[in-house]
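For chain A, the structure is supplied; the task is to place chain B on it using the hints.
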Amino acid sequence: MDGFPQATEAAIARWFGVVPPNDPGRRMAADLVHTIAAFEKLRGTMVFEDEPSSFEAALQATKETAP
Amino acid sequence: MTGLADLSLTEAAEAVRTGQATSRELLDACWTNLDKANPTLNATIWLDREGAEAAAKAADQAVADKKPLGKLHGVPMAHKDMYYQAGKLSTAGSALRRDWRPTITCTAVARMAAEGAYVFGGLNMAEFAQNPTGHNKTYGDCHNPWNPPRITGGSSSGSGAAVAARMTYAALGSDTGGSIRLPAAACGVTGIKPTQTRVSRYGAMPLSFTHDNVGPLTRTARDCARIMSVIAGHDPMDPTSAREPVPDYEAALTGDLRGLRIGVPTTFFLDNADAPVLAAMDEALKVLAARGATVTRMPLPLMDAVAAYGGIVSRVEAATIHAQWMRDDPQAYGQHISSRMYPGYAIPAPYYVEALSRRGPILRAFAAEVFSPVDVLVTPTIPTCIPTLAETDIDHGPPGTEYKFLAVSINTRPFNYLGLPAVSMNCGFDPNGCPIGLQIAGRPFAEARILAIADAYQRDTDWHTRRPPVLG
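Those protein sequence lines, which keep their order, are chains A and B. As numbered in my numbering, residues 1 to 67 make up the first sequence, in order. As numbered in my numbering, residues 1 to 472 make up the second sequence, in order.
If we strip away everything but chain A, and leave its shape as in the complex, we get (with noise of 0.2 Å):
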């Protein structure tokens, strides 16, 4: 691992005042190399007007009609 883990944990306490709870939460925030990655691959897929306030409206719009 490249130090991801130790930065991940360092940032959390300076951002947050966190600390890792367990060892189970220190494997999970290393695991987070995994969003990163997956994440990587979506890059590209928003567009500028993207805002989250458009979920409202796509349950309007694909909504069922009468069975």
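If you are wondering where the hints come from, they were derived from the structure by calculation, not from laboratory data. Small disclaimer: the values here were computed from a predicted structure and weren't measured. Just so you know, even glycine gets a beta-carbon here, dropped at the ideal spot from N, CA and C. Misleading hints may appear alongside valid ones.
In silico lysine-lysine, DSBU-like type, Cα no more than 30 Å apart, as pairs [to be verified]:
1) B:Lys286 / A:Lys63
2) B:Lys67 / B:Lys88
3) A:Lys41 / B:Lys404
4) B:Lys137 / B:Lys404
5) B:Lys36 / B:Lys88
6) B:Lys36 / B:Lys71
7) B:Lys88 / B:Lys71
8) B:Lys71 / B:Lys57
9) A:Lys63 / B:Lys71
Derived contacts from chain A toward chain B, CB cut-off under 10 Å, selection only [as the list claims (entries may be wrong)]:
10) Trp15
11) Pro21
12) Arg26
13) Arg27
14) Met28
15) Ala30
16) Ile36
17) Ala38
18) Leu42
19) Asp50
20) Ala58
21) Gln60
Coordinates of chain B only, in the frame set by chain A:
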């Protein structure tokens, strides 16, 4: 009248309405099973016997006085211990709220009370609704009624176990990543996660503002339909609740599946599924096909994005909500709770906003591609046979236990990110005697349709009527 606890919710309400049974008799039937099974299952956190008896007496008096009776009149219930009732205990399954009493009452509970139901207790749950198994270090693990060393599913563990063991006619659960559907599957009952925004969340303990849902666990699809007809609909106290009209869910239960197009995913949902689970699903599909449905195997689009984005939203939100306790008293949580929240602090805000921003476009694209050729998706709720509590115990297990723990909810989480409604019901039993859950998901606000499918299935099968061995 015998076997009162075996009645479904709708049958029990009808029995009270017509004078075939009193509310007090229903309550006593629940107590009998609770006294018998709960020492094994540990499904409750608190009970209010005196309050329940007074409520039953009042309900029976209303019948005698020929007052107007609601849809749930005289039916005793207990709920996951995170639904606030002013002045009553609400532990959220945590030592941190062992003595906490809210000052407000949850809209869903209030709406059911307005229809004549009453609450006799708070049910066991994962701490702060944060695990898919039913482990709880403060109040004790909840045990599966069909095979007690195995998990109940979570986080609405006590809701699943208590409904299965006939301790209650129904229970509210909450679903942020599968927490209604998982215990419904593992305990062999019926549970529905409504469309995001369908049911008010006012007075429900928050875990993830984006993914939280309120819904029922019952023994039948019709029972779920009855409760949904009471709790769904806009609530001024929860501005995020939809203004979408509430259909007559029970009227939709016709048994007619002619023309229904079922999609079975060939990607993601069947990965690493156990053979008994696949076999049970295939048999269930035959039952649905016999009623007129057609079945299409199909790949699903966008699942990498759904998994990646869906995987961080609730982690970030839970970490944010719990930040002060995670600073001040992290050891008050079970290890499996704090260890899951901890990485949430390291996820960058732009990732979180990207996940939220892509949710709408992904739903549109997913719905356009999936819900054109088919009307609903059918998958296993849990792709494996039900594991033991020991196999999934992060607090005491070896490194790597967390992967088995997290695998339990792999098939339910996607529908929380997509915001789609999904029901889980029993479709058989695994070699260990534990139930196998079938998940049916539909378009936004398709609760009537997916409940109708579950109801049609239950007309032709008897899995949902079977009694767990813990009842003797």
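Lys88 (chain B) paired with Lys71 (chain B) [C-alpha distance capped at 30 Å]
With Cα atoms ~24 Å apart, Lys88 (chain B) and Lys71 (chain B) stay inside 30 Å; holds.
When the least beta-carbon distance from Trp15 (chain A) to chain B is tested against 10 Å, hint result
Hint on Trp15 (chain A): holds, closest Cβ of chain B at ~7 Å, below 10 Å.
Would you check the hint for Lys63 (chain A) and Lys71 (chain B), treating anything up to 30 Å between C-alpha atoms as holding?
Since the Cα atoms of Lys63 (chain A) and Lys71 (chain B) sit roughly 27 Å apart, the hinted pair holds (cutoff 30 Å).
Please verify whether Lys36 (chain B) and Lys71 (chain B) have alpha carbons no more than 30 Å apart.
holds (29 Å)
Is the hinted pair Lys41 (chain A) and Lys404 (chain B) satisfied, with a Cα-Cα distance of at most 30 Å?
Cα-Cα ~25 Å, so holds.
Restraint satisfaction for Met28 (chain A) [CB to CB of chain B, less than 10 Å]
holds (5 Å)
The hint names Ala58 (chain A) as touching chain B; please verify it with the least Cβ-Cβ distance against 10 Å.
holds (4 Å)
Quick one, are Lys71 (chain B) and Lys57 (chain B) close enough, alpha carbons at most 30 Å?
Status holds; Cα separation ~18 Å.
Does the nearest C-beta of chain B fall within a distance shorter than 10 Å of the C-beta of Arg27 (chain A)?
holds (6 Å)
Hinted pair Lys137 (chain B) and Lys404 (chain B), Cα distance within 30 Å
Holds, at about 19 Å.
Grab the minimum C-beta distance from Gln60 (chain A) to chain B and call the hint holds if it beats 10 Å, violated otherwise.
holds (8 Å)
Checking hints one by one. Is Asp50 (chain A) an interface residue toward chain B, by the C-beta closer than 10 Å rule?
Asp50 (chain A) check passes; min Cβ-Cβ to chain B is 4 Å, inside 10 Å.
Every hint, counting from the list given before, is met by this structure.
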